[in-house]
Amino acid sequence: MIRRSTTVDAGLAVLAFVLSLGVLAADGFGTPDASVHHLDGIGVLVTAMTALPLVFRARAPMVVCVVTFAASAVLYRFGYPFDLPIGPGIAIYTLGMAYGGDPRPWHRRLALQVALAFAPLLGFAYLLRGEDVGEILVPELLGVALVAATLYLAGDRARMRRERMAELEEQARMRRERMAELEEQARRAGRDAERERRLAVAEERTRIARELHDSAGHAINVILVQAGAARLLHERDPAGSRRAITAIEDVARGTIGEIDRLVRALRDDGPVPPAPADPTALAELVERHRASGLAIAAVIPPPGRTLPHGVAWAAYRILQEALTNAARHGRGSADVAVRFAPGAVDITVTNPTAGTTPAAGTTAVTGGGHGIVGMRERATLLGGTLDAAVERGVFRLHAHLPHGQPA
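Numbering (mature numbering (1 follows the signal peptide of the UniProt record, and there is no 0)), first residue to last: -25 to -1, 1 to 382.
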């Protein structure tokens, strides 16, 4: 049903009543006819029934039609000059708006039949008044039926426009809600991205700190060994002392460059440059430790392809830390074996320990300071393992670093 403001409908009903009274007071349109019934109290009362029921047209449009039709027929029956049935016309228009789109077919048919019934009802009133059927009923009532049908269709058309406008407004509302939802999702995504960026920066800073520790710890250990060698060889082997001092200089210069690289990345919030992924990097690392005085027996075959940066970096740092530990805590020698298996890299480093060890059995190394912990963490982050243990005076470290690439 059509929802209308009661105030608007009341104003419309009063306006229709006033206009209808004006027509009756003027004795209709055209040339005055002496046979017409002039306006009187009964005429005013019946005219009110043709218009004032429009107040309820939104709630009961079909009842309003019946009442206004009946009142109009009474005016015609008693000869009142009701030449402009405004109330019934508005009632028919409202009927089309109310029932034109009703999903029940029989309601639509009934509403159209009620609208078209206005013409035969007036014809019946004419007959009761004694009018000539051939002269009045056929042409005039056909015109009334045509006007009634037009008003009904106009109401139906207005209903369709209203429904279309309501549909467009609903679509616009849904689009606004969707846009608001997308904007909120974009804001949430921005906040999540910012949070992820900050977490990534924090993780990167932690990794940089670990790299700084590894680089500086390795360099300090080499400098310590070479400084001791230079002190011992100062008088009896000046050339060896100079070589040790040169090694200290090279290590210090390289460490400064490494620290600069890490601090620059830390200051710029940028990623640390990738570790050396060249297949010869591990062999060069072993050579540098040999040059620092550590006797190393190494088996490092070429991998056949460039390793992923993460695996290359972890392998490089684990081997570097293992050789640093061998120089610091061992007896000056170490064995290195690197195997490039399908989809993984295996690194094994063994060296005799300098301290007192059990005569038999195996002692697992679970602590070992930041070095062992850092190496194990690197292996774990790659989904690998790292085992370190002392057996019969020999420290053995084995790292397994998977990378998923075929051999």
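To be clear, the hints were calculated from the coordinates, so they are not data collected in a lab.
Positions of the beta carbon are idealized from the N, C-alpha and C atoms, including for glycine.
Honestly, I wouldn't trust all of these hints.
If you anchor each label on the Cβ, the simulated ranges turn out as follows [as the list claims (entries may be wrong)]:
| id | residue 1 | residue 2 | range |
| --- | --- | --- | --- |
| 1 | 162 | 88 | 52 to 60 angstroms |
| 2 | 177 | 367 | 40 to 48 angstroms |
| 3 | -16 | 152 | 30 to 38 angstroms |
| 4 | 125 | 84 | 34 to 42 angstroms |
| 5 | 171 | 262 | 51 to 59 angstroms |
| 6 | 124 | 103 | 41 to 49 angstroms |
| 7 | 277 | 158 | 31 to 39 angstroms |
| 8 | 91 | 144 | 29 to 37 angstroms |
Practice task
State the violated hints by number, sorted upward, taking the hints as numbered earlier in the document.
Solution key: The structure conflicts with hints 4, 5, 6 and 7, although it agrees with all the remaining ones.
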